[in-house]
Amino acid sequence: MIVDCAHYRAGVRQHEEALGIEDAARIAAAAVEGEFVWLGLRDPSDAELDLAQRDFDLNPLAVEDAKETHQRPKLEGYDGSVFIVLRPARYVDESESVEFGEIHLFLAPHYAIAVRHGEASALQPARRLLERSNLLRHGVGAVAWAVLDKVVDDYAPVVDGIDNDIQEVEEDIFARRDDSTQRIYFLKREVIQFHRAVAPLLPALEALERGAYPEMDRELRGYFRDVADHVRRVEEQITSHRELLTSILEANLALLSVRQNAVVRSISAWAAIIAVPTFLASIWGMNFTHMPELDEPWGYWIALAMMAVAVASLYGFFRRIRWL
Amino acid sequence: MIVDCAHYRAGVRQHEEALGIEDAARIAAAAVEGEFVWLGLRDPSDAELDLAQRDFDLNPLAVEDAKETHQRPKLEGYDGSVFIVLRPARYVDESESVEFGEIHLFLAPHYAIAVRHGEASALQPARRLLERSNLLRHGVGAVAWAVLDKVVDDYAPVVDGIDNDIQEVEEDIFARRDDSTQRIYFLKREVIQFHRAVAPLLPALEALERGAYPEMDRELRGYFRDVADHVRRVEEQITSHRELLTSILEANLALLSVRQNAVVRSISAWAAIIAVPTFLASIWGMNFTHMPELDEPWGYWIALAMMAVAVASLYGFFRRIRWL
Amino acid sequence: MIVDCAHYRAGVRQHEEALGIEDAARIAAAAVEGEFVWLGLRDPSDAELDLAQRDFDLNPLAVEDAKETHQRPKLEGYDGSVFIVLRPARYVDESESVEFGEIHLFLAPHYAIAVRHGEASALQPARRLLERSNLLRHGVGAVAWAVLDKVVDDYAPVVDGIDNDIQEVEEDIFARRDDSTQRIYFLKREVIQFHRAVAPLLPALEALERGAYPEMDRELRGYFRDVADHVRRVEEQITSHRELLTSILEANLALLSVRQNAVVRSISAWAAIIAVPTFLASIWGMNFTHMPELDEPWGYWIALAMMAVAVASLYGFFRRIRWL
Amino acid sequence: MIVDCAHYRAGVRQHEEALGIEDAARIAAAAVEGEFVWLGLRDPSDAELDLAQRDFDLNPLAVEDAKETHQRPKLEGYDGSVFIVLRPARYVDESESVEFGEIHLFLAPHYAIAVRHGEASALQPARRLLERSNLLRHGVGAVAWAVLDKVVDDYAPVVDGIDNDIQEVEEDIFARRDDSTQRIYFLKREVIQFHRAVAPLLPALEALERGAYPEMDRELRGYFRDVADHVRRVEEQITSHRELLTSILEANLALLSVRQNAVVRSISAWAAIIAVPTFLASIWGMNFTHMPELDEPWGYWIALAMMAVAVASLYGFFRRIRWL
Amino acid sequence: MIVDCAHYRAGVRQHEEALGIEDAARIAAAAVEGEFVWLGLRDPSDAELDLAQRDFDLNPLAVEDAKETHQRPKLEGYDGSVFIVLRPARYVDESESVEFGEIHLFLAPHYAIAVRHGEASALQPARRLLERSNLLRHGVGAVAWAVLDKVVDDYAPVVDGIDNDIQEVEEDIFARRDDSTQRIYFLKREVIQFHRAVAPLLPALEALERGAYPEMDRELRGYFRDVADHVRRVEEQITSHRELLTSILEANLALLSVRQNAVVRSISAWAAIIAVPTFLASIWGMNFTHMPELDEPWGYWIALAMMAVAVASLYGFFRRIRWL
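Residue numbers (my numbering), protein chains in the order written: chain U, 5 to 328; chain D, 5 to 328; chain B, 5 to 328; chain H, 5 to 328; chain W, 5 to 328.
Since the hints were made in silico from the structure, they are not lab data. Treat each hint with caution, since some may be false.
Copies of the same chain look alike in the list, so a pair counts if it works inside one copy or between any two.
[Claimed, not checked] The list that follows gives simulated cross-link-like pairs (lysine to any residue, SDA-like), each with its CA atoms no further than 20 Å apart:
1) 71 - 230
2) 78 - 244
3) 78 - 236
4) 71 - 16
5) 71 - 50
6) 71 - 160
7) 71 - 113
8) 78 - 246
9) 71 - 250
10) 71 - 161
11) 78 - 319
12) 71 - 132
13) 71 - 302
14) 71 - 237
15) 78 - 211
Only chain U is shown next, with the shape it has when bound in the complex (with noise of 0.2 Å):
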């Protein structure tokens, strides 16, 4: 599906509808030093893919890869043309799950095509900032820059809705309230899955930074040390949460150690505060002849009340211990 496609003049749009695949391959064809096409591409079916392929003429193995989802982030140049894979990551609240779209962008001097499968990361706002500011005029490296910019930014809900949940792990498990193992787990396995779609985006962002692609304007190398900093900070973070909730699973352990440790003894308190009387009961029922308490009217009441006495002084005992 074709989101929006326009043709741009000297950082200019020249027209506000958007245009089929077969103008805007055109327009690029015989485009001029300053002027690109710019074509978002959303969900695409493989015939558009194809029709794009045939009409730009795309690098075979790129198109390839932008038909299956599930790469892992990458640039790669391809002479005179640049193919960059992104995962841009939106965190859904309600699993406490991050959900991973894809974005593939095809770059060359005088077109940049963006597809993007998936929720996260939508790419018109981008566009339409990019179109109010006065980068457009430095090419397709000002859209490589716009996109690359939003998906990183858009790392950042991902990040606090992590940190939020991690709070919130270590607030339940130091109120020693249910067991949150499952709940840490699939927490780190969304970090996991995580520092996988951030972690190979620096050396590609730090390539672009020290001008590894001469078809990106040297001006725009500024922006994409900016967005390459903010990744660095976004890897750090997943870093420090990779290593919180390790520590965290190995308090989580301890904690359930102490647990245990308190549930033993106030079980053994009780069972010796039960213990002592059912003692005592059963020397009074032995059957000596002579046993003279036996005998004795107030016998009864007085066993009673030892009973008594037993339990009172064994349950403040465990209380003074803190056993109870």
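Guided by the hints, dock chains D, B, H and W onto chain U, whose structure is given.
The following block gives chains D, B, H and W in isolation, referenced to the frame of chain U:
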């Protein structure tokens, strides 16, 4: 055993039937630019290998390696020729294990010899595919690519199989079914072995991508980069499998502790439920002469009722605090 | 809020009172070799930052960063100017936590703008000290050094505070006082965060030491090396804190297990001490007609004595094997 | 003790009997291109080493090293000569331990001195093999290769021995036989020590492969690469052994927990089976005057039957829930 | 305090008695090629250091460092002079701890100043040794080597001490003596601190080995390589100590679990042994009118015998299944 052996000129197979080793060697020796011979052997006898070595003048150290299996994957250049060791894998569902084969590739400007040991990654389909493409005109480098691509593509179902097992184990431990420790451990062992088969491929492919072996046609570099990219993806997946399995083992330990807590609690609750009426019975089993309730006609029934009440209220109490 | 702002010529402050932003910018614009302006802002409003940006013509991306806090430490050159982000820290003893501030430094040949957020690392003392030294004649590089040195020096009490907490925790767990799991965990979290504030400084300082920024006076390199050395020391200490806390968590788990062993043993000992006399009583509670000892006048006393002896010898036995 | 010492010219041994140190040194001093002396010492006395040092003018620091064992493996060039330290290993099955020897190699254009300490890796077979090959005409580099190859080949049975022990331990812990903690720990200790003997070899061999020592004949590089490849394989295997042993230790902990759960459950089941009939008996042991069943002739038998039924149904129940 | 101070010319000490700081500085200032002064201070007062700084014109940043201890080891060149910080260590057997001193070395072409803090690594023996060798003619570089060599050699007994403690701990935990958790933890802490003292030395020594400091005589490089090699060995040993201690902590946890299993089993066995006869007694304590055995003269004795048989067979059974 010779699986197939053919003579290619300008990317076109010259005949349908398979050549013998000696004929192949003769053609290779006489080959000019654009011609080569592709010999495919499976589980060859030492005699076949020695024949191939003599006729093709293969490097003795490489042939030595090809005779014994359990090599590590590698790519080595012997001036003018290249020797590649690969460890294809296949996932055996019944035993939840990964089975490794071994492929040795001898490449020189005018011949490519592929020696396969074991079940994994049959190469004949790769040859058929390549013969239908127009890549064979790039020479033996195309053979190297086809074999590498086949082996690496065949890693995908292994990764999926492990993925699937991990999900099953997750379900098992969080549903608190049988103890999964053994299954987790053996999965981890498979993953460690799989990693050893995959990881050394990366530097080899990066060398091909960088063009370290001038014998390989320059235009194939993009193809090798593509394979390298797949290997990177597989490796990242294996790395997260490892991490996940480590976390599962830890979570499992915590869950065992939780379960033990639960068992101890429910046992203790039942112990209390039986201890209290036993205590009551022991009171009325005392032999004091003056125990008024003993002589009442309703005494026994009241006693039984009190016991029933004690049992019921303890049961209710333990249900309320979730020990039962 | 402007903390201080002064014009320096040949390392000497030209006036005592603080300049306004516009005056400062005017002087900086007109400054010649050996002259610069040092503007110190604290928790500035966006309006102040925008004013500074317009007047000093600061890089918009850097100012964007300076407006939001929670940046990662970094050092970035924008041709002719340098932008530094620092995360000063201070240790809050009451809450055993590390509180982070943020300092942004804009450096150009003729001005240095320091923007501080939060409590940590007041910069006015560093300015006073620098004014009394003769380093200011090296230009804005000296300001960079003074600020870096102040921030890094202020890490020392944080390290000491954490050191101290770790020692307290060690004493606690080995003296088997209250459960320290929560405290250990939160200490570890602080250490992880502290590491994130410190570690990225090192490559930045090494770049200064190597002279990657020609704007900095060559003679200051030794000073930057000195700061880098302090950062290295802090980082090594943080790394050992992390390792120690991991080990403490593990030792804690072992100690909990030891303690549980001790509890189970002492409980079992007491259970035995009460079970044996109860058993004896149940023997003499049997209703056999012919139990000679039942009719002896001394029978009961002997029975009680036997129980007492059983209790005493069991108690002695359990003391001897250290279960009690 | 001199094991063997011979003079080689153009790769051919000049005589069968072993030379003395002084003769060997004289021949080496007078040797021309293509000639060298190979001296093999085993557990030499300090006097022998001092003699060799004086006569061959060995580097005093290297000889100092050769006198004491427990060196780490290394390869050092002293202009014109090379000093190599190796740590051969052998697996001692009785004690499940790895025993390390030590080999010091002094190489110069016209002599090779091999000093061996301990049992592992006898070098005489390597000399015999080399004398039968045609490699000796490459000079002392061939000796270096033969010794390195022998030592590294002798690592294979050690790896296999450890592999085998790990499999036994796996079987033991999953069959829940005796506690294997001690065995796992000592295996891990062996693996750590083995790693220390093997890992430093790799950079040394890579230096030889790259040709860092021009004293070694260029044509031997392929041979050194082959040895380096074996070392890499051994190192990867050691690394997975380590990981496996870590996982086994963790799995062992989980299994101990599982086993404790099982024990606690079965104990509790038996406790319940005995507690219920005891409670029933205590009911009929009460002294109420009006307990109609007590006076029935069938009362006792019914009571015993009820107890039996209680025991049987509890037993059945616990079997059903798999606590017994 | 001045330990010793002498003037050397062509490697020969010019006088026996120690010079004062001022005389030494005067000689150093007037020294020509081949002459230098070696001043040894121990725990100097700030006044002595200030005097040395003024007279020898030492770098103020380095002197600042020399006044405070707890520096990290490092080697820094200040054009023409070199400043080295070392952390010698000694093993204190009584407290099983490692005690660190600190040595600061100021080296310039014509003087070497060694400042020592703390007990570890007295330098006077190193001076005596060096004076007897012929290395002093290489100038102050020889002093650097002698001090480094002394410090690194003194690490060996520390490594041995830790080795020994680890062996004791191993024996303790596998012999299941007292709980060793505390000892293991503090050993690990010592090892972590020791690592911090040793690890930073390596890059410094490698710089000396590579000849990064032209002030050091070229011929000494072999000597520095020798020291670097020792440091590498010490570092590898520390690394395995760390790993071993981590494994010991884990093994310890498993052993505690095993021990708890054993305790729980033996307790349960004893509980069963007492519960069964108690149950039998409670049967014959029932008050049924018709319990034929109660009236038999042999009833009581049979009952006692049955109890004894029950106890004996349970005991035998539990012995057989190894619970007792």
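20 Å Cα threshold - placement of residue 113 relative to residue 71: neither (23 Å within a copy, 35 Å between copies)
Same-copy or cross-copy closeness of residue 78 to residue 244 [CA-CA at most 20 Å]: Answer is between: at 18 Å across copies they meet the 20 Å cutoff, but 24 Å inside does not.
Same-copy or cross-copy closeness of residue 78 to residue 236 [CA-CA at most 20 Å]: both (16 Å within a copy, 11 Å between copies)
Same-copy or cross-copy closeness of residue 71 to residue 161 [CA-CA at most 20 Å]: between (28 Å within a copy, 19 Å between copies)
Copy assignment of residue 78 with residue 211, given that the CA separation must stay at most 20 Å: The answer is both: 11 Å in one copy and 18 Å across copies each meet 20 Å.
20 Å Cα threshold - placement of residue 50 relative to residue 71: within (7 Å within a copy, 45 Å between copies)
Intra/inter-copy verdict for residue 71 and residue 237 if alpha-carbon distance must be at most 20 Å: between (31 Å within a copy, 16 Å between copies)
20 Å Cα threshold - placement of residue 302 relative to residue 71: neither (94 Å within a copy, 85 Å between copies)
Within, between, both or neither: residue 71, residue 230 at alpha-carbon 20 Å: This pair counts as between: shortest inter-copy Cα distance 15 Å, intra-copy 30 Å.
Intra/inter-copy verdict for residue 71 and residue 16 if alpha-carbon distance must be at most 20 Å: Cα proximity of residue 71 and residue 16: none, with 31 Å in one copy and 30 Å across.
Homomeric proximity label, residue 71 with residue 160: Cα distance no greater than 20 Å: Between copies only: 17 Å across chains, 28 Å inside a chain, cut-off 20 Å.
Intra- versus inter-copy proximity for residue 319 and residue 78 (alpha-carbon distance at most 20 Å): neither (67 Å within a copy, 62 Å between copies)
Taken one by one, the earlier hints fail for this structure at numbers 4, 7, 8, 9, 11, 12, 13, listed in ascending order.
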